[in-house]
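Given only the sequences and the hints, what does the whole structure look like? Please build it.
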Amino acid sequence: MFGIPDLTIVAVYLLCISSALLCAVYGLVNWNKGGELESQQIEEEAEWELGEH
Amino acid sequence: MVFYSIIVVIVFLLITIFLGYLGYKNTKSSQDFLLAGRKTHPLIMALSYGATFISTSAIVGFGGLAANMGMGLLWLTFFNVFIGIFIAFVLFGKKTRRMGHRLNAHTFPELLGKRFESKFIQGFAAALIFLFMPIYAASVIKGGANFVQTYFGIPYGISLLAFVLIVAAYVWMGGMKAVMYTDAFQACIMFVAMMVLLITAYVNLGGFTAAHQKLTDLFSNPAIQEDIAKSVSTGFQGWTSMPKGGSPMWWSLVSTIVLGVGIGVLAQPQLVVRFMTVKSDRELNRAVFSGGIFILAMTGVAFVVGALSNVLLFEKTGKIAIMAADKVNDNIIPLFIKSFLPEWFAAIFLVSMLAAAMSTLSSQFHTMGTAAGRDLYEKSFGKKGNTLTMTKTATLVVIVLSTAIAWSSNGLPIADGIIAKFTTMFFELTTAAFLPVYVGALYFKSLPKAAAKWGMISGSAAWFVWTFFVHSNASYMQICKLLTGKTSIVLGTSLEKLSMVGTTFIALPVAIVVLAAVWLAKGRSGKLDIDEKVIDKCFANV
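Quick mapping for you: the protein sequence lines, in order, are chains Y and C. Each residue of the first sequence is one higher than the last, beginning at 943 in the working numbering. Each residue of the second sequence is one higher than the last, beginning at -15 in the working numbering.
These are calculated hints, taken from the structure and not from any lab test. Note that this is a predicted model, so its numbers are computed, not measured. Every residue gets a Cβ at the ideal spot worked out from N, C-alpha and C, and that includes glycine. Hints may be right or wrong, so weigh each one.
[Claimed, not checked] If you want the ones that stay clear, here's a sample from chain C, every Cβ over 10 Å from chain Y, calculated:
| # | residue |
| --- | --- |
| 1 | L280 |
| 2 | K368 |
| 3 | A505 |
[What the hints assert, rightly or not] Calculated lysine-lysine pairs in the BS3-like style (CA-CA distance at most 25 Å, straight line):
| # | chain 1 | residue 1 | chain 2 | residue 2 |
| --- | --- | --- | --- | --- |
| 4 | C | K263 | C | K78 |
| 5 | C | K521 | Y | K975 |
| 6 | Y | K975 | C | K79 |
| 7 | C | K78 | Y | K975 |
| 8 | C | K23 | Y | K975 |
| 9 | C | K79 | C | K437 |
| 10 | C | K263 | Y | K975 |
| 11 | C | K103 | C | K322 |
Written out as structure tokens, the structure reads:
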């Protein structure tokens, strides 16, 4: 297949492309998910500020 | 060629310097220097992660290996994309980011140290980075300097100094922000260059299937049998087939390259710290999108083109790639570029390779500097002072150290392919020493401090013994030869075949077994050696 006699090489060629597609699809599906709550972020940053001084 | 190259290199350097200056201008605090203020854009984060991950070694070093081993090396690309991006971001990145934020960790050793309430763990991890990352950095410096030397005819020493000075200046001045801005720019150049490379290779060979068919047919061509017998390891069955199972080439491909580098990416300190540079999981989700495509375009293309270069070089010179490149593995990809691509592209490719080396090197300087300054000097030795000043001073020290190693390596009888070998060694170290502990830190609340400590110690000890005394690569490190007179302690014994087995194959199980055994032993006492409040803090929202 595709001029490649060893099917494991064909399989890994396709796996490489599929895994990149998986990353792309995952990224798109979850594009807007996981945004942090603003209040929690402010609280954490206040803690770091204290820690730095 | 030189005219085009000079113009392209000057433009490239001007943009790099400008981005470095932007990073410097926006760096006000130690958090900016260490973590880019934790507010990095997802695309910059993904490109920076990718460009750091992929050095000149991955393209020139491993691309050259693909010319010798064939497309079986694509297993590494699959690992790079699936494990190095998908698993790394989704299963490790999010937890790391949240835990890092909760603990206010600024570096990878600090994350482990705070998670296990252990200065020893932080110091030990930092010491491993400080001691062994310079070897990896030196190989990247050597790769970059060799490239400049080959293309411009500038002596090695001057190429090396110029290369290091530019990277050192922006890392030292602008910290993580400068590193990430320049990384993202450099990643864009690398992406364009690799795409042109792929298209050129397939078009020159008559298309997708025709190209592979020619490569398959080349293996049985009587004209190259002598070349193959002279230059390729035992077990080779053609560029479009896997090596023979259990042969030296199979062990090298599967246990050293694919396992060593493929899994090792999960516990690379310079990559892990990038998860902590973004403000929420959303940025990591978005980064997965571009990260996967970028890595495929880097190693995937390099390995396919590396293998295909055999046909093109054979058609032109009557020799397979390694012979056409005078038996120097690292020269195969540059020779391919010189022979088959227009001059203007050779200039772009040259810059993309400089970009690949600079992006990896800048992160190495930054990681080594923070390990030595923040983790070792400030936290482990308990020295008081300004974090920024201490980290910057330590960064200078590690830059000088890495440069000295790269400088001296030019005079040593160091074998070909050393860039890929040193890269693999460092990845193997992080796999054995950090990966089991890092997984434990993120996923197992009840993992005791003692188990993490002994897992780390045993993993790094097993890595050291196997890498420096048993594995066939031990010959490059010279220590075994100096002490025993042999390049490997198993050489000439009934255990000689063990020298083919990759270090990860041995050191990772050792670390896991020791960690599990100490965990079991400690578990019987029923009392955890870490404050429960710390555990709760670590895992709140994680």
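**Q.** Least C-beta distance between K368 of chain C and chain Y, which was stated to exceed 10 Å
**A.** Holds, since 14 Å exceeds 10 Å.
Q: Mind checking the alpha carbons of K103 of chain C and K322 of chain C for me, to see if they're no more than 25 Å apart?
A: violated, 51 Å
(Q) Next pair to validate is K79 of chain C with K437 of chain C; report whether the Cα-Cα distance is within 25 Å. (A) With a Cα-Cα distance of about 21 Å, the restraint between K79 of chain C and K437 of chain C holds, given a limit of 25 Å.
Q.
Against the 25 Å threshold, does the CA-CA distance of K975 of chain Y and K79 of chain C hold or violate the hint?
A. Status holds; Cα separation ~15 Å.
Q: Assess, step by step, whether the Cα of K521 of chain C is no farther than 25 Å from the Cα of K975 of chain Y, and give holds or violated.
A: holds, 23 Å
Q) Holds or violated: are the alpha carbons of K263 of chain C and K975 of chain Y at most 25 Å from each other? A) Within the cut-off at roughly 13 Å; holds.
Q.
Please verify whether K78 of chain C and K975 of chain Y have alpha carbons no more than 25 Å apart.
A. Cα-Cα ~12 Å, so holds.
Q. K23 of chain C and K975 of chain Y: Cα distance at most 25 Å?
A. holds, 17 Å
Q.
A cut-off of 10 Å on Cβ-Cβ distance, and A505 of chain C was said to be off the interface with chain Y. Does that hold?
A. Since the minimum Cβ distance to chain Y is about 35 Å, A505 of chain C lies beyond 10 Å and the statement holds.
Q: Report holds if the minimum CB distance from L280 of chain C to chain Y is greater than 10 Å, and violated otherwise.
A: Violated: least Cβ distance 4 Å, not greater than 10 Å.
Q. Does the structure keep K263 of chain C and K78 of chain C at a Cα separation of 25 Å or less?
A. holds, 11 Å
Checked against the numbered hints listed earlier, the structure breaks hints 1 and 11; every other hint is satisfied.
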